[in-house]
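Undergrad: Those sequence lines, one after another, are chains A and S. Each residue of the first sequence is one higher than the last, beginning at 591 in my numbering. Each residue of the second sequence is one higher than the last, beginning at 1341 in my numbering.
Since the hints were derived computationally from the structure, they do not count as laboratory data. Treat the hints with care, since some could be wrong.
[Stated by the list, open to error] A partial selection of chain S residues facing chain A, derived with a Cβ cut-off under 10 Å:
1) Y1406
2) R1408
3) T1419
4) E1420
5) I1421
6) D1445
7) I1449
8) V1457
9) A1458
10) F1460
11) A1461
12) M1462
13) N1463
Note that CB positions come from ideal geometry on N, CA and C, so glycine has one too.
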Amino acid sequence: MSVISTIVNKCNEVLKNPKLYINEWKKEHPEGKVVGYFPTYIPEEVLYAANILPVGVFGSPISVKLANTHVQQITCSIVRTTTELKLSGKLDILDGMLFPPTCDSVQLIASIWDTAFKDFKTDMVLYPAKLSNHSIPYIVDELNHFITTIENRYDVKVSEEKLNEAIDIYNENRKLIKKLSELRAVEGFPLNWHDYFTILKAGTMIDKQKHNEMLTTLIDEIGNLVTPDKKSRGIKLMVVGVSCQIPHENVLYKVEKLGATVVWDDFFHGTSGIKIIESNSSPLERLAQAYVESEPMAYRHSNRKPRHEYLMAEMERVGANGVVFMIPKFCEPELFDYAYLKKEFDKNGIRNLFTDFEEESTVAEGFETRLQAFIEMIDISLGV
Amino acid sequence: MYFAGIDIGSLATKAVVIDSSGNITGKGITYTGASCKDAASASLNLALSESGINKNDLKFIVGTGYGRKLIDEANLQVTEITCHAKGAKYFFPNTQTILDIGGQDTKSIRITPNGEVANFAMNDKCAAGTGRFLEVMARSLGVDLNQMGELSLKAESSTTISSYCTVFGESEVISHVSNGEKVESIIKGLHESIASRCFSMLKRVGIEQEVTFTGGVAKNSGMVYEIEKLLGTKMNIFHEPQINGALGAAIIAKEKYLAKEKQEIS
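Chain A with its partners taken away, still in its complex shape (with noise of 0.2 Å):
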């Protein structure tokens, strides 16, 4: 078996059975706990320094029963499979959860696990939705506050060296992805959309030091396979719409089936676009300053950049031929940016289909058509 097949299998064997990954990594650390998260971003470095395993948590391919008397059908699926997750014991192995502001669903699911799961530690972190450098003293207050929380919540301490050393690693791991992902659009690359995306979603379980191994073999493996100065050929598509929730594997596997190449997406797990602060300032403000600088998504916008001019320049970069709107169902933040994205893309005569996904539904008939004929219209016209 090839390295890179080991590195994919190891990463499906941790997605597929989180709680024995979880279990080794406790018996290595004795006194470590695990806590959970919801997309999309949480300061994981904080958790990291105290000898938490932040886990990643992001809903289940599964009917919803139990949840329904606690969340409405009109929340994304996201939010109903994780709290039918809970529900049914399956989150048992998590110490307790973490929920940033992505969106109203996530504050108000928040408050719901708060009353709904007495016993089980619940605890939200805020960041603004819209960025300046006037957000930095109140995002530093903020992890203040938080590291507090975590403190008093988990019995633990976070001191100022462990810190450091904390975003120093996950600084590097975003470095590695960002590097793979620049990978993609060039001619040789192996890893299908599904594959390189289980890399991306199992280092959101995977302790970031292994991760971050895990990655370089990974790219140094690579790198012997492509041929860095030419791009890949055929029809490639940017996905974009999916910062939190991510569509059914098989979704995944079929849109390359249908014949393209996704070079790009704007997935939470790999490109969340938060930046590197090198700088010798306080941890904390180093944290505030990357988040305030990050590329804008739906459920963040910043005064620097608009995000259709962010996805525009990815697109350039990449040389994609079109872009693919993954939007989950009832997901406002992305809804609300979809309209004058399209809008936006029009304009500039960039070719868009919109689709959108439940995390229940597999691959529907409409689906795959839309898709298809989204990938024959660009392929008559460029005669890729």
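Put chain S on the given structure of chain A with help from the hints.
TA: The following block gives chain S in isolation, referenced to the frame of chain A:
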């Protein structure tokens, strides 16, 4: 040389055979039923028989429609979006916007002056605004599906149908019947409801003249009237609007075969 297109829709399967000059030599329409493969073979046999040729005379076959992947005979499968664009352009060369209402989905397609698909929209899982919706409503009202258009045009007023959902729409229709509303008015209300949904879908892709209406529902004169009223213009309608997708598939079959032949020669 002959070429064929087979379009497997949720209600009907259509096949069209064309010759090397692009003339339609035969067509076949059958109910899809439970087996897409059988329906494809049956419709193709009808089209072959009308053309007076055998299957061996066909150089290339393109399958389309929701059952396109199940057509054993097809050399290539292409979506109905691309095929409808080809078909509509064949019948009406100035077409720039297409509305297709099929059995289980509705599509709006905008094409460039040279026939390429520029944009499209289609309904998802819900049957609202499709041929199936009208079929269920006709059954609830106890009228023949083919008479819906005629009855609608006779209505002196229309009954507002607020629900797009087939299931809730049916309950709404039943309650109107029990309130003594005239069947003609209810049918007109149904057509208005679908027309407004189609109009929104057309606006999503941008309406450019000329507009061509395809799919089985284009045979319904009441439906045509309501959509044209919203558009403020007449639409192009071929006398057999159902075969548009299959015809487009046959044209693509011809183009693909000739392109392949040219490539082999050079």
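Undergrad: Among the hints numbered above, which are violated by the structure, and what are their numbers in rising order?
TA: Every hint satisfied by this model.
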